[in-house]
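Novice: Sequence:
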Amino acid sequence: MSDNEELEIGEKDPARHIKYSDIGKDLIVVYVKVPRYPMIKPEVNQETGEIDFTVTYDKRATKKLKKSNRIPKVDDHAILPVILNQDGVPLLLENLYLRYRMNRIKEDTLKHEAAAMLAFCRFVYSSQWENDIGEVEHMTFRSLTKNPKYGAPYLFMADLVNNLQALDPSSGIVLEDGWATSTAKSYVSCVIRFYRWLMESGYLKVTNDYTPFHSKDYEISFTNNGSLGHTSKGMKVTIQTTDIMQEFNTNKTSSVPAWQTLKPMTPLHRIMFENQLSKSSGSAKSLMYELCLEAGLRMNEVCTFPESVVRPPRSGESIIKVSISELLNGCKTKFSKQRTIEISDKLMQKLWDYKASDARLSRLEKAYNLDVPTDDNPMGNKTFDQIGLLEEQKEFELEPHGRLFISEKSHEPIAKNTLQRYLSDIRKHLTINYDREAQIALGTKPDEADAVYDFHDLEERKRHSLIPDWYYRPHDTRSTFATRWLIREHIQRQVPMEMLLDELMLLMGHENVEQTRKYVKFLDAKLLRFKNASRKNMNASMMY
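Letter by letter, the sequence shown follows residues 0 to 543 in numbering that gives the first Met the number 0.
Think of the hints as simulated: they come from the structure by calculation, not from any bench.
Please note that a few of the clues may not be correct.
Straight-line alpha carbon distances no greater than 30 Å define the calculated DSBU-like cross-link-like pairs of lysine-lysine that follow [said to hold, decoys possible]:
#1 LYS110 x LYS72
#2 LYS415 x LYS284
#3 LYS365 x LYS354
#4 LYS24 x LYS110
#5 LYS345 x LYS320
#6 LYS320 x LYS444
#7 LYS517 x LYS320
#8 LYS415 x LYS517
#9 LYS365 x LYS415
#10 LYS331 x LYS517
#11 LYS320 x LYS354
#12 LYS110 x LYS215
#13 LYS349 x LYS444
#14 LYS331 x LYS345
#15 LYS284 x LYS336
#16 LYS32 x LYS72
#17 LYS333 x LYS349
#18 LYS517 x LYS336
#19 LYS408 x LYS349
#20 LYS105 x LYS66
#21 LYS204 x LYS145
#22 LYS278 x LYS320
#23 LYS110 x LYS204
#24 LYS525 x LYS427
#25 LYS215 x LYS235
#26 LYS408 x LYS354
#27 LYS62 x LYS40
#28 LYS66 x LYS40
#29 LYS65 x LYS32
#30 LYS184 x LYS204
#31 LYS333 x LYS235
#32 LYS215 x LYS204
#33 LYS63 x LYS32
#34 LYS105 x LYS58
#35 LYS65 x LYS235
#36 LYS517 x LYS444
#37 LYS105 x LYS72
#38 LYS284 x LYS333
#39 LYS105 x LYS215
Can you build the whole structure from these sequences, using the hints too?
Specialist: Pasting the structure below:
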C-alpha cells in the first residue's frame, strides 16, 4: 500500500462516511476537514434549563493568522491528516502533533510531514526492540535508552539509510530502487521536530538515561545587506543540530566528489545533439541550447536572456563580449552576480536574425503595440528595447519583460519546463534512433578539442545497462561548454589548465575558483588515461 493512499471521503459528511478496503491491514492516513481554531459555545436551553454545547470556531484567530502571512490562502477550516491504526482508531500524540503543525505550515508541507510520520509509525509499531534490561518488547515512540543509537528515532533513521536508492552519479538515473536521500533526510527531520514538540509540550520527559538524541546549539553571525542593514550589525542566529542527522554524512549517503557528477557530452553525442538542433535551426528553443553549449548559460539565465544585448556583429569581430545580470539588463544570473560571457559572431548573427524576425516582432507588436521594422524604417517607430522607457510614460498597460526568446504562440518568455521538454523529446528520439543518428554524426569532422576528447566516448560505452545510449540533462550543456573551453584554450595557448581557472570562473559566474576546479579534476582523471593510451597522438604530444 502506498504512503499516498487516502480514504475515500463522502461528500456530505466526511467524518461519518469513510470507505477504505485496506483498513485493518496497516496504519493509514485519512484527511479530514476541521476548524482551524475550534471553540465550544455553551448555551442554556430555555425549555429544559440544561446547558447545550455547540462546536464553532474562532474567527478572530483565523484573521490573525491571515495577517501573519505564515500560510497562504487561510480559511476558517483546514484539511488535517489523521493517522489511524489497524483498528481504525486515531493515534493520539502523533495526531496532536499534526494538529499543532496544521496552523504553522502550508497544506502541502503538512501532507509531507504526515507521510513522514506515517512511515515512522509503520516502522515503530511493526518492530520489536530490546530495552535496557535485555527484554524484547514491541517498539513505540517511547522506546528510548541512555544511548540514543538504540532508540526508536535512530533505528528509524538506520532503516531509511539501509534502504536508500542507488543513483548513477553523473546522470542521476536510479539504478536500484529505494528511498531518495532528500526524502529520508526530510523524514528524519520531521521525526526530530515531533520529539522536540513532545518534550516542549511535556509529553516526554528526557533524562540522561532516557533521550531520543543529543542536541547542540551553534551561533552564526550574519550580515543584512538591506537598506536598514546598519541596524542589525553583528546580529547572530542560533542553529540547533542533532547527532542523528550526522549519520547522513557517512560514505553511503554523502555525495560523490563534484567532478564525478559531471556529464559533459562526448564529441559524438554533442554532434548528434547539434544535428537535431539544426533541424529546427533559427527557432527560439534550438538557439537557446546553442547559446548554452557555446556560452555555458544556466537554464534560468538563457530563459531570461535580454534582447538588448543582441546586435549585428561588426566587420572582423569574431567574439562578442556580453555582460549580463538582473540589475544590468534583467538576466537572472545566480546570486544576481554580473558576469561577461563570450558569443561567437556566427551565433550572434543567428540571434540577431531571430530578434528581428517577422514572426517574433509580429507577436510583440500585437501585445505591446509595436511598429514592425520596414525597409524604409528598419528599426521601426518603437523598438522593443525602448519599451522600458515608454512604460514609464504609461503608454502600455502590459509590463514588458525584455526577454529575447519568446513563445511561438504568444509574446511570453519561454519557460524552463518548456526548454526541458524540448530536450526530453530530443533525448527520446536519439535513444530510439541511436545507431542511425550516430552514423550520421560520424561524418562530421571533429575540431581540435574533439580529437583530444574522443577518449571520453570509449568510457561512456561502459555505462550501466539501465542508462540509455544518449542521456543528458539541460545542465550538462554547461559542463560540456566548460570542459571543451578548457581543452581548446589549453591546446591553443600551451598553458596548464590550472592557469585558466580564473578566466573560466568568470565566464561560468562561479563564486570562487573551487567551484570551477571540478572541471579540471574531471579532465585530469580522463586525460591521464588518454595520455597513457595515446602517446603517439599529435595533440597528446602537444599537451604533454
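Novice: Hints first: check each against the structure and report whether it holds.
Specialist: Consistency of the hints with the structure:
no. : hint            : verdict
1   : LYS110 x LYS72  : holds (16 Å)
2   : LYS415 x LYS284 : holds (10 Å)
3   : LYS365 x LYS354 : holds (16 Å)
4   : LYS24 x LYS110  : holds (22 Å)
5   : LYS345 x LYS320 : holds (13 Å)
6   : LYS320 x LYS444 : holds (28 Å)
7   : LYS517 x LYS320 : holds (25 Å)
8   : LYS415 x LYS517 : holds (26 Å)
9   : LYS365 x LYS415 : holds (24 Å)
10  : LYS331 x LYS517 : holds (24 Å)
11  : LYS320 x LYS354 : holds (18 Å)
12  : LYS110 x LYS215 : holds (29 Å)
13  : LYS349 x LYS444 : holds (22 Å)
14  : LYS331 x LYS345 : holds (24 Å)
15  : LYS284 x LYS336 : holds (25 Å)
16  : LYS32 x LYS72   : holds (15 Å)
17  : LYS333 x LYS349 : holds (26 Å)
18  : LYS517 x LYS336 : holds (20 Å)
19  : LYS408 x LYS349 : holds (20 Å)
20  : LYS105 x LYS66  : holds (15 Å)
21  : LYS204 x LYS145 : holds (13 Å)
22  : LYS278 x LYS320 : holds (28 Å)
23  : LYS110 x LYS204 : holds (28 Å)
24  : LYS525 x LYS427 : holds (28 Å)
25  : LYS215 x LYS235 : holds (16 Å)
26  : LYS408 x LYS354 : holds (16 Å)
27  : LYS62 x LYS40   : holds (19 Å)
28  : LYS66 x LYS40   : holds (25 Å)
29  : LYS65 x LYS32   : holds (18 Å)
30  : LYS184 x LYS204 : holds (25 Å)
31  : LYS333 x LYS235 : holds (26 Å)
32  : LYS215 x LYS204 : holds (18 Å)
33  : LYS63 x LYS32   : holds (20 Å)
34  : LYS105 x LYS58  : holds (19 Å)
35  : LYS65 x LYS235  : holds (29 Å)
36  : LYS517 x LYS444 : holds (29 Å)
37  : LYS105 x LYS72  : holds (9 Å)
38  : LYS284 x LYS333 : holds (21 Å)
39  : LYS105 x LYS215 : holds (28 Å)
Comparing the model with each earlier hint shows no violations; every hint is respected.
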